[in-house]
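S.K.: These are the residues of each chain, in order.
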Amino acid sequence: MLSTNLRVTGFDAVTWGRFISLFESRRRRARDDHRNSYGVVVVVEDPNGGACAAFIGDRGPIACDQYKSREDLAALCAEHGVRRGIALKLGTIEELTERATPQMLRTDDYAGQWLALLTAARELEREGALYFWPEPRNVVPLPTPQLVTRALDVVLPDEHSFVAALWEDAELWTALVLRRRGGQFDLIGGPELVLDTVGPLSGDFRRDHRAVSRAISTSIAPLQLGIYTQRRRFERLLREAEPGAWAKAVALREIIIDPSPAYVNIAVGADALRATARRTGELLGGIDFLSFLEPWTRYAREQISHVTSVSGMLGFNPLQVLARRLRANEDGTGETILPPSDPDDPDAEASDSIIPQPAAIPRERTVANSASYEDDTSEDPLDEAPPEQRNALNDEPTDDHEAAGMHDNSLSNQSASRR
Amino acid sequence: MRAAAPRSGGGQSPKLGARALQLGAQQVPLYSGAVHYFRLKPSTWRAALEALRSLGLNMVETYVPWGVHELRDGSYDFGQYDPQKDLGAFLDLAHALGMYAFVRPGPNINAELTYFGLPRRVVFDEACQARSARGQPLPFIAPPRMFPVPSFASERFFQEVERWYAETAKVLSTRIWPNGPVVMVQVDNEAAFYFRDAPYDHDHHPDALAKYRAFLQVRYDEISVLNSAHGTEYAGWEGALPATRCPPDASHPVLRRSLDLMEFQSELLAGALDRLRGMLHDQLGPLPTVHNSPMGESGLPTSLARLDQVVDVNGLDYYHRRSDMSAVKARTLRLAGSTRLPYAPEMGVGAPPWFAARTDADGLHTLLCACAYGLRGLNLYMAVDRDRWYGAPFDELARERPHAEDLRRVVRALHRTHFHALKRRVEVGIMLPTEYARLSRATHTLGAFSPSLLALAGAGADAACLRTELGFQQPIQLAWSQFVMQFADALDQARVPYVFVESDASKTLLEDLRVLITPTFEFADPKRLHLMAYFKERGGRVLAGPHTPSLDAQLQPLSAAETRALEGLQLCAADQAPQLVAALIDELDLATPFVVEPESVEATVHEDHSGPRVVFLVHTHAREVEAELRLPEPMVLVDALTGERYEGTDQVAIPISGHACRMFVCERTSGAMSRSRPPSARRSPPC
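Top to bottom, those sequences are chains A and B.
If you count the first sequence from 1, position 337 lands on 337 in this note's numbering, and the numbers rise without skipping.
If you count the second sequence from 1, position 488 lands on 907 in this note's numbering, and the numbers rise without skipping.
A portion of the hints provided could be inaccurate.
[Stated by the list, open to error] A short, non-exhaustive set of chain B residues, derived as facing chain A with CB atoms under 8 Å:
| hint | residue |
| --- | --- |
| 1 | 533 |
| 2 | 769 |
| 3 | 807 |
| 4 | 810 |
| 5 | 831 |
| 6 | 875 |
| 7 | 878 |
[Claimed, not checked] Pairs of lysine to any residue, SDA-like flavour, derived with a Cα cap of 20 Å:
| hint | chain 1 | residue 1 | chain 2 | residue 2 |
| --- | --- | --- | --- | --- |
| 8 | B | 630 | B | 657 |
| 9 | A | 68 | B | 888 |
| 10 | B | 460 | A | 186 |
Hints in this document: simulated from the structure, not taken from any laboratory.
All of these numbers come straight from a predicted model, not from anything done at the bench.
C-beta atoms are modelled at their ideal positions from N, C-alpha and C, and glycine is treated no differently.
Start from the sequences and build out the full structure, keeping to the hints where you can.
M.R.: Structure representation (structure tokens):
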């Protein structure tokens, strides 16, 4: 994934900090005391299951005499006001490194090396050597390095570049330039690189984007995807739950996507469809006015099935995971995974509006819905997995027909529930 | 292979004085800035060096990357093919501009280079690789490629390094001052087993095992004695293996085996650095040598003081955020108390993109805070930006960024006040027992997630130590640092300056101290006990406790002579710290700096023979406050950055932002001072 000759350039401390801040929850940014419930309790268990060492990640050692088994981990976390805990048997980390090393050194790909380490960690978790509290639900599956490469090939083919440039009013607030060469990223550039490449900007991203696109295509590599917008709009879109947010932003030219590869166009179009479907459903009292379009959308999707999907390849939707993480932290729940909707609770609200309302989901589909990212209507412009490529997270066999219906949008779900 | 002898310089060579380089008759403080010639276009070199000079720095620091200069066929390019690698031209240019050069030829340089700047063929040479207990290489996770770390014991690796040093010497040796700009050289870089420094990670390389067995043979002489000491049953020395863990129920023989391993690791590192230093000495002559210990120093395999015995200056690298000023304080006090010249070979300005993000203010306040607590030399890393870095005061084209001016003003103030030569009046030392630090390492339970990483994360190097007593009255591996921190807190509350003194530090570092506070439990290193006795004999006061040791560092009974060193030892408990400190202040009239309120602000004073020259205010809380500073006499405090002036006869009010450090140059308004003791030594009654 990363070239050994990777070049990272064009940021100063201000613009780098801004770039990082896009992916930090606002809640985390606001706090100035790191000693709070964002810590993690770590317990090392002796052969009898009791604790022989325990600490909180950013505080230091803690008493753990009351810890006799993993059932006590939650109480230990509560006692210290932290929301997460890890228990591991003595010797687990040694085992982890010994197990992962051959695979880590066998591959010459950084992503592959990390995946080797994470795979070994997952193995140890399955074997009971490692335990997380609260237990993760809807665990993001680990893709293989090949899948990661294929996913990257979709987003940014070899010998192409990507740029995201964000303005704050008339100032280029920060930017990110990526180039892929020889199958690996060999350039990560910041706004100084953009300005050095393109020269002075007017300050209006709706005009400047052409010059930036042209300059980067000429000087760095042909541009595959360019995203240009105001900073605040981008931050909102990253966290946005409403279907249609991206489509609306594109339509109103609040965000310029130039060039816009096919998969983006399709995703934006699908996003618009979903938004329209939901809106019409709301306006018309649940009557699915556009349900007659379903066969047509399915036909269109089959015609473009060669456009592969990042999510389908990876088995999860990375933008969705990011959005949920940001929203969850800002909500203060600390949860990275949203709880499943309770089908029996008529008052239950989906904590994420992109999950169809419980009442709209046929009961027999609810558990599957809640367990699978792929079942959610997604605002992700990159998420257009043809059914045959979707990866059911709970290892249920995929029913292509049903999956296609569930995935396309909420049309069929809503129409089914309201019949 | 020895390089050509340098041209005659009249017999002069750079030397290191107490606080500065001595170049002939001239004293040159250790202030420099980093420029990586190999990452900039040669057409930019002049502008980069001139940018450095514009900051007020007359010394450039650069790594010399082995993996960049060595070509695939094993030959070297120092500019013959690629002008960007022309180290000689770069140094000549620095010389022509009247600058000095501090060079760092590794072998390890990190510098965010792939494989830490080592050639790929060396890294993947199995004979060079460190080994785990199962014989596997030890990968380190640095981007853009994890790589197996070299062994500090590998003879093959040393042979490779010797060849590399000989090649660099062809360029460097003819450019050593006064014939060129080179005045200082660093030995290796952040020697901590390439951050695979967890207690039981290293090293099962055959050469390391041989050294380990030799170490044991010296200590135990006979295999039967070893077996008795370690609780093992080796038939011969060749069967002796390092421990792989300390179990929670370890008996003392088992514990001893782990403690021996910790000591061996320290000596392995120190010995390796000494060998590298010797190689550089053979090639370059008696240049002053430097080393830089990395962050997380409280959990490292070897102490700052131990490495200070190997090189002329062993310093610390700083990459903190302004919210970490307590950590900056603690480590600088450790540096000031344990090494001869407190120096920062890397005072981070900016950071690599894979570190926690740092702002310009983070770099500035870290620098000021470190100076506040006694740093006397620093290298701005980086002064000119480069690949895989952000945040230097000048970008890659040497264009100035806004925060350069702040650094310029600080450097100007350091020069103007001769800051490198000032002293901070400190009379109390808290001694950190190396044998207890080794016990904490030996009882670490998190494998490769090392104590130094935990220290870096804010959990403390002992966070993952076993909580069991291991046959003592309490878990010493946890209790000793509690003792230290309780006394440190009490001294902070009482506004009494102190330093941390590692127990293997040179005796000379105790000379200005009047009080030594140190934890003692059931076992203690006799060398430390003798040091304590020596200190008492010289009229110093020793506070130790809570227990009288009866065992030595190998957990064997103390000899009669060693026990005598304990006579008259005043034992105390950590929870008595506030009362004991108050009693010491009253009894000994301990020096305290300018009194300042509120509690969250601390004042440090740096003096010369004429009295206070520089005052720092350090504020460790988040909210801005107005500090009320008592003055010993009428004076004006001039902020080194802003130029603001605060004048008072006995008090001034100074606003200070959250997590900030302010530096003030003292200007007296009442003429030269004459008094029997500097005013900062007098304790003012509390207001």
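S.K.: Indicate, hint by hint, whether the structure satisfies it.
M.R.: Against the structure, the hints:
The interface hint given for residue 533 of chain B is met, as the beta carbon of that residue sits about 5 Å from the closest beta carbon of chain A, less than 8 Å. Interface hint status for residue 769 of chain B: upheld, as the beta-carbon distance to the closest one in chain A is roughly 6 Å, under 8 Å. For residue 807 of chain B, the suggested interface contact is upheld, since its CB lies about 5 Å from the closest CB of chain A, less than 8 Å. Using the Cβ-Cβ criterion of 8 Å, the hint placing residue 810 of chain B at the interface with chain A is satisfied: the shortest such distance is roughly 4 Å.
At about 22 Å, the closest approach between the beta carbon of residue 831 of chain B and any beta carbon in chain A exceeds 8 Å, and the interface hint on this residue is violated. The closest approach between the C-beta of residue 875 of chain B and any C-beta of chain A is roughly 11 Å, which is over the 8 Å cut-off, so the hint fails. At its closest, the beta carbon of residue 878 of chain B sits 5 Å from a beta carbon of chain A; the interface hint therefore holds under the 8 Å criterion. Proximity of residue 630 of chain B to residue 657 of chain B is assessed by CA-CA distance (about 11 Å); at most 20 Å being required, the pair is judged to hold.
Between the alpha carbons of residue 68 of chain A and residue 888 of chain B the distance comes to roughly 18 Å, so the proposed pair stays at or under 20 Å and holds. Straight-line distance between C-alpha atoms of residue 460 of chain B and residue 186 of chain A comes to about 19 Å, which keeps the hinted pair within the 20 Å bound.
Checked against the numbered hints given earlier, the structure breaks hints 5, 6 and satisfies all the rest.
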